[in-house]
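Below are the chains, spelled out letter by letter.
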Amino acid sequence: MTAGYEYNSIWLASDLRHFLLERPHLDLQVHSVFETSINLLADGELITLAASRRELMPMGCIADIVEVEPWKLKVGDIVVYERGILRLPQGDSINLHNAEVKSVNLAETLVSDSHIDRASLNLIRNKLLGNDGGGISDLAALLPETDLIDRPLNVYGSYIKEDLFAFLDSAGKKDYGTAVDLAGRIIGFGPGLTPSCDDFLTGIILLLYYKDADNCKDANRDFFQKIVTIARKRTTVVSYHMLKNAAAGKAYESYLAVVNALSIWNQDSLTVLLDRVLRYGASSGSDFLFGIYCAGLLLYERENMSVVDSQDKKAKISEIR
Amino acid sequence: MIKAIVKENAYNDSVTLMLISREVQKLEGVEEVLVGMGTELNLDLVKTMDMFVPELEGVTPNDLFIAARYDESKVSMENLVAAFNEEMNKKKESGSGDYQPPTLDSALTHLQGANMVVISIPGEYAAEEAENALRQGLNVMMFSDNVKIEDELRLKKIAVEKGLLMMGPDCGTAIINGVPLCFANVVRPGKIGLVGASGTGTQEITVLVHQQGVGFSQVIGTGGRDLSEEIGGLMMIQGIEALMADPETEVIVLVSKPPAASVEKKIYDLVKKTDKPVVIDFIGGDADSIKEAGAYPCLSLEDAARKAVALARGEETVDFDGFDADETEINQMVEEAVTKLKPDQKYLRGLYTGGTLTDEAIKYLGENHEIYSNIPLTPDRDIKHLENMKGHICLDLGEDQFTRGRPHPMIDPMTRTEFFESDVDASTAVILVDVVLGYGSYVDPAGAVVESLEKAREKIAAAGKDFVVVASVTGTDQDPQNLNESIKTLEEAGVVVMPSNAQAVRLVDRIMKAAAL
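Heads up: the sequence lines are chains A and B, in that order.
If you use the numbering used here, the first sequence corresponds to residues 1 to 321, in order.
If you use the numbering used here, the second sequence corresponds to residues 1 to 517, in order.
Calculated from the structure, these hints are not laboratory results.
Model, not experiment: these values are computed from the prediction.
Be aware that a few hints might be false.
To be verified - Keeping only pairs whose Cα atoms sit at most 25 angstroms apart, straight-line, the calculated BS3-like set for lysine-lysine is: (1) Lys47(B) with Lys233(A); (2) Lys161(A) with Lys233(A); (3) Lys47(B) with Lys161(A).
Using the sequences provided together with the hints, build the complete structure.
So, in structure tokens, the structure goes:
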């Protein structure tokens, strides 16, 4: 192997650091290659090496490179990790020693706790309806939190709406047994490398993980774990790991920031964050926010709505189906 | 014809695939294109749409598929694949231009030579980023709020030590080298330099100067806490020194709420050192102290603009506290307004989005009327002391208490719309509003006011009533929303549009006195 260029890692996710500390030597197989990131598989984990224009993700490492093309990696290649250095097959290496270690775990980045704010939810809904995400987020128009909006759904929304709303009904009633069954009817559905419904579930899980932790910690954890188990066989490898991370409270930095911003009463910040998240993927950002919105509604209703109101809203849901 | 192609273990950026599938769908003869990963549910969708073909047998969740239904007399699958590949290549080529750096360091690598950073992230993270920028020799404009005052002091000390600007936190307005930043209007370049600790105050002065044909060298924001005892006016002083040294700047304007006493003295000491004329509007501040420093005190934001323009033109300054229109015309407007009102219409509703504009209104109107507010002149005029809304109200809807959990009303009119619904009723006589244009502001603030007004009018129409509505528009003919269009929208809805906030407030004062409100 010829000595190549040594890149530096700028940021390292704390979970990846912990994982590597326990493994002085590791062979990582290239799973997928994109313009600004590479996914590697090792010991059942998906590890992401990304360029500096990306933000940090769980089990991720950001390197001082603008695009990853110079690394010349292809699917199936082996990257060798040895004592803080990732050695690429073409001779280059990535030095992890100087990286700043950051947490991408909600439990560690949590700013404060408070109740769900209705105006924040309305802002998310307005953003979603003003954004042609292409995934399933148009379904926000049918949720009767505020005025129903009559607009055509795309093929994905039309196909999945009944199962998805049934899932929400069950989750809202804490009927997790039914909700898990229904999750099996939405996981893996929709466009994108991480299918839309998986992005949606990531939003649901993250918000419930954060906001409902004190009330139903064990029930939630069990519910999330069952979703992850289903996802293993029914969706893509990348999407499965995304859901697995969400069930452990881990996600992209900006996803976590949105969850936090819902509680720190800073709507200007929330607006900025929503715009940032909406830039993710073709539909991933909007579908994730749709999940956040729906989970927010569930929690808001639990906190604020009278039985009569809830029944009225459920009647409306039945009506629009 | 329905066909599909499968790429095993293939991953492409989903954004690229979605955009491409939309483009391919536009081809003549193409009825439907589905692109996705081969999950069970995605294949169910393909089946539901009667697009399942043998090529899709055995597809796994990690395989990419492209399924298409098309009219083969007009297009072939080969054409589709070719179009797909062509679009894919286009995206690849254009991808490099769409670079959105996620970190300060990568942004600086991408844009070599940049010397200013605008920070607009949640306040709890903003100080760290600002310090990083300052340490690298970059000027900072911090739009973020909720930054600790000790962090602000530390950052400003670093900036002073390095000879940099640290505008903010909570700095909403600046125009640096002709570039409007955050909430700012499009104004012409010129000889006037401004340092402001007040967002909409700065905007009002800049647009009024622009409307008189004069422009700005630099407009520097400081953030609202800069002139407090704790911060000591570090950025106001840094800004004044920069403008004193700037050969393009011939007149200096300072705008702020009254500074802490110790800060005020430091500013006046500095002002005494420059030969350049300095116009100071410390709204409600002591005019004699300003005169003693050799500067020009002002009666209003508009007066500050007029004095700056006169000085830039080498003319004498004159105090202005009147109207552009002649007295006969104003009297006629007052008479028409009074005639319009029924005896039980008694109250003023001032619904402002700009803090300094509200402040200016309350200080003027508060001299002659009992005005209740969330930023009252005296504690007993706090809105919480007003029972059943029976009294005159003037609100700064941009204050934290109204923006918790929602955008600033200059960005999103929702808050003011709600106050139109809750606070304006049959007992309302006069409605006073500001309409702030420019970058950062809502796309059509005038239209939003008119929409709220029409709804409010519907509620009282049956009683044969209407309101008197007075507005001013803070904007220029070159702003994205366009000043003239906004004025036209308001006037067509029967709103009296005055040339400045000060004149709008004076007119309302005259109407209230004439109608004995």
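Against the structure, the hints come out as follows:
no., hint, in the structure
1, Lys47(B) with Lys233(A), "holds (20 angstroms)"
2, Lys161(A) with Lys233(A), "holds (22 angstroms)"
3, Lys47(B) with Lys161(A), "holds (17 angstroms)"
Of the numbered hints given earlier, the model fails none.
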